[in-house]
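Undergrad: All chains should be built: construct the whole structure from the sequences, respecting the hints.
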Amino acid sequence: MFTLLITKKIMKPESGKPGPDRTDGPRIAGDTNGAVSLDSLPGGGGGTVTSIGGDSTPLRQRLMELGITIGSDIRVVRKAPFGGPIEIAVRGYRLSLRRAEARTVMIDTGV
Amino acid sequence: MAGGRNPDGRAGGASGGPIPPIAVVGNPNSGKTAIFNALTGLRQKVANYPGVTIEKKEGRARLPDGSEVVLIDLPGTYSLFPHSPDELIASEVVLGRYPATPVPGKVLCVVDASNLERNLYLATQLIDHRIPVVIALNMIDVAEAGGITIDIGRLSEELGVPVLPTAASSGRGIPELKAALAGGANGEPAARLFELPEAAQRECTLLEGELLRLYGFRPAVAHHEAVSLLSSSPEAADTTGRSPSAPAINDEELLARVKTARDKLDFLGIDRQSVFIEGRYARIRQICEKCVSTNGFAGRRLSDALDRVLTHRVWGFLIFMALMTVMFIGVFTWAEYPMQFITAGFDSLGAIVSDTMPPGDLRDLLVRGVIAGVGAVVTFVPQILALFFFISILEDSGYMSRAAFIMDKVMGKVGLHGKAFIPLLGSFACAIPGIMATRTIESGKDRMVTMMIAPLMSCSARLPVYTLLIAAFIPHYLILGFLPLQGLTMAAMYVLGIVMALAMALLFKKTLLRGKKLSFVMELPPYRMPSPRSIGMIMLDRGLVFLKNAGTFILGVSIILWFLSAYPKVDGATPQEQLEQSYAGRAGKLIEPAILPLGFNWKIGIGLIGSLLQREVFVSTMGTIFNIGNDGDPESGVSLQERMVRDRDPETGVNSFSVLTAICLMIWYALSMQCMSTVAIVRRETAGWKWPVILIAYMTILAYTFTFLVHQGGLLIGMG
Ligand SMILES: Nc1nc2c(ncn2[C@@H]2O[C@H](COP(=O)(O)OP(=O)(O)OP(=O)(O)O)[C@@H](O)[C@H]2O)c(=O)[nH]1
Ligand SMILES: [Mg+2]
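In the order they appear, the protein sequences are chains A and B.
Heads up: the first sequence runs through residues 1 to 111, numbered per our numbering.
Heads up: the second sequence runs through residues 1 to 720, numbered per our numbering.
Accuracy of the hints is not assured; some may be wrong.
With a cut-off of at most 25 Å between alpha-carbon atoms, the simulated BS3-like pairs for lysine-lysine come out as follows [said to hold, decoys possible]:
1) B/K445 - B/K56
2) A/K79 - B/K409
3) B/K548 - B/K510
4) A/K79 - B/K413
5) B/K445 - B/K548
6) B/K178 - B/K45
By construction, these hints were calculated from the structure, which means they are not laboratory data.
TA: Have a look at this one:
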């Protein structure tokens, strides 16, 4: 499932899309290799978004509209106990997500 | 909600006539209502959590050029493609297809300067829809304090629309904003801002043209529908952003074209859903790089420090529990003194009237019906004020969203949506705004579950009932030397409501409202110092609402009840016999067999019947009938509580109330559905009678069963 999505993303930059997105951050295919899902990051961890899964669902749309787009920087601020929601910092504000939703977002931690 | 289809996406229409209104839109919690209030002089609710405004509200503002214009305050939204009922209202009004609302001539877009990138998403979307926009760059004070400097001239140039810095809470920039709204510069944006891959751009433009030609849409609507058609996947055609009130697009030829366009883009490897969003954010990033500079820390240090404690994995939970306990105990204890004061006032008023008027029906009506009945309810004003004091501090500080964050796991366990927390907490004040607040919940089923359980949260109308019974029957006693038993009993009633609500949520979720995925995506705003002025305003408003209800509805019911309990006249009867023979007494006797297993006699039955429409009426009813049935002089300064304690059946000598009766009554009121306004609002929000009927039925069964069990159990262990 994930591989499928990722290949879709890798194709994108090659589709002749003009420049501006590049300023959002690097979008090289190789990034996705080391990507982990957002919910697996520890509190304080962060990185760059490489893909948002969940194929065209309203949730995916909403996450992107809220600024979780490919190339944006995300930091996990804290995680609520007992598998509760996580708080993230994105585009200078704070957002809380349930873990199942965070699982759909893949992050390149740059390591 | 008005869900009627309104195909008025069309050009022309009702756009002539008077000056078109200005719609106030923006992200949730960006300060729209604060700006709306500053411009119109109105006092709509402002608070520090997303989703405060859930209806459209109109007001008038006088502009510097002397003209008067209608402003429409709207719920917040992150995008013109809505995900929840409240967002739908905002986008439909902006697109000019909300029922019975003229197309706005201009949009005042409120942008949070301290959260610029995400706020510009909606702003640029409006611009790209070619809707005339004026931007209020609000919270400029917060941005400055956080070391964010914005080149406003440059920003306005980049966006191609007027940008005015404001700080709505202090009134800064409001005159300039008014001038800009009046000004000839109508904010008609020159060009589209976001950049799309060429293929997507081409398909979008073609489709827009088709929609204009075939359906005669206004340009904004044509653009909106084109993007919507292109970005949604065929199978999910009407989930993402397709509003139910949008006109049906069913032209075969057009749909075929849409399909070809989608296939073409898919073939090129363009992600149709993300392409429109990412293109926009990329552009916003460019704009921000030109216009925004940050120095030093982004100003969330204090907020973060607070969060480290308040959302701490251990402390956070304990603090939340402690806050709730203090709130419920506090509401009972702190208000006690002023309450006694008011009671004394009404007692002496009754005494004065008795002394000055000749005996007779009129005096009786005034003393026993009006003063005792209405007075019994008005006594509880201090508690209502105390409750709203606590709630408005929670709402204004930003703590609400944190509480939702901490409690989300529990909510999820019973299948509730994360956002359900805020409507439920709001229902402690009143279930009606609580039920309205469920509009922020995306999924219809999750919203319904929340609506069904919100009336179980103990609202302020139960407060007088609880207080009266606790003060009369629960002893003054300090557990461990510091925890007041009376206050704890109060807290226990709230806990009972919460536990039952969670249990019912689980039940509904497993039966009638089965659903799968639950999401919880919620913004956590920074903490803000609650403003004493706005807290004072809320307390004043709520106090007045309560008094007004006491002076109208409760007064009316009290007068009717007095008649029913004084007639038909029985010659030579004792007051007790008179009450028993009256219409009210007979009604009480009639239902007595049904309520006796719960421990309630016919006198309490009168109270239950009287309060069918509104819970507070129980208190005024008790005020009236225990004034009548008493052997001694009602004017003798014996409090209602004492009269209730002393009251006994003259034949059997059994007391009307025992401690067990009091507890059972409180449980009955905690769980039963005795509020017609709530039923009415559920009917309105669900557009039908099905859910209100289910609500009444399940709550009545729940209340009856539970009260019965507690009463019988209590008798077994020798209480009562
Ligand atoms: N410091 C500061 N606070 C502000 C300003 N404008 C609004 N606030 C505060 O921000 C919070 C949100 O304000 P609201 O007016 O309720 O926001 P809204 O956009 O109407 O929110 P929703 O109705 O939930 O969409 C409140 O706590 C306000 O007191 C401002 O310019 N400066
Ligand atoms: Mg508002």
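Undergrad: With reference to the structure, classify each hint as holding or not holding.
TA: Hint-by-hint comparison with the structure:
1. B/K445 - B/K56: holds, 23 Å
2. A/K79 - B/K409: holds, 11 Å
3. B/K548 - B/K510: violated, 42 Å
4. A/K79 - B/K413: holds, 17 Å
5. B/K445 - B/K548: Judged against 25 Å, a Cα distance of about 36 Å means the pair is violated.
6. B/K178 - B/K45: Distance ~21 Å between B/K178 and B/K45 Cα, so the pair holds.
Figure legend: structure checked against the earlier numbered hints; hints not met, in rising order: 3 and 5.
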